[in-house]
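Engineer: Construct the complete structure from the given sequences, taking the supplied hints into account.
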Amino acid sequence: MQTIVSLYLRFRNLVLYGLIGGFCSALDFGIYTLLGHFDLMPYLWANILSVHCGIFCSFFLNRSFNFRVKDKPAQRFLSFYAVGLTGLALSEGLLYLMVSLAGLNPLICKLFTIVAVALVQFFLNKYITFKTQSV
Numbered sequence: 001m002q003t004i005v006s007l008y009l010r011f012r013n014l015v016l017y018g019l020i021g022g023f024c025s026a027l028d029f030g031i032y033t034l035l036g037h038f039d040l041m042p043y044l045w046a047n048i049l050s051v052h053c054g055i056f057c058s059f060f061l062n063r064s065f066n067f068r069v070k071d072k073p074a075q076r077f078l079s080f081y082a083v084g085l086t087g088l089a090l091s092e093g094l095l096y097l098m099v100s101l102a103g104l105n106p107l108i109c110k111l112f113t114i115v116a117v118a119l120v121q122f123f124l125n126k127y128i129t130f131k132t133q134s135v
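Numbering (the working numbering), first residue to last: 1 to 135.
Just so you know, nobody snuck in bad clues.
Pair by pair, the computed Cβ-Cβ distance ranges are:
| # | residue 1 | residue 2 | range |
| --- | --- | --- | --- |
| 1 | T3 | F123 | 22 to 28 Å |
| 2 | Y81 | T132 | 15 to 21 Å |
| 3 | T3 | L85 | 35 to 41 Å |
| 4 | E92 | V5 | 37 to 43 Å |
| 5 | F38 | F123 | 32 to 38 Å |
| 6 | W45 | T3 | 46 to 52 Å |
| 7 | V5 | L78 | 32 to 38 Å |
Everything labelled a hint here was simulated from the structure, so no lab data went into it.
For every residue, glycine included, the Cβ atom is placed at its ideal position computed from N, Cα and C.
Structural biologist: See below:
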C-alpha cells in the first residue's frame, strides 16, 4: 500500500492531468463527433472548434484542481492557450495527413491525435505554464 501511495504522490500531477485531460478530451471528441455526425462543418473546422472547448475546460480544471496555481491568471492562461494552439496545429496536421492523404477514418484519427497531443502538452504545461518559482 505504501508503494501505491508513494507512486501516486510522485506522479500526482500526471495522474490528475490524465483524468482532467480525459474529461476535457471527451468534451472535445463529443463536440467533434456531433459536428461531424450532423455534417455541420468540415472535419478540420470541427476540430478547431472542439479543441478550443477542450483548451478552456482543461485550463480552468488544471489551474484549480491539479497544479493549484492561483497567481498571474492572465499570463498563465495565455501560456496555456499558446500550448493549446501548438497542440491544435499538431492535431490539424496529423488529421490532414491521416484523413485527407491516407484516407483513414476521421473519428479514429481524432482519438489518436488526442493522445499524441496530450502527451506533448502535459510536459509543456507542467514546465512552462504552471511552473512555480523555487524559493
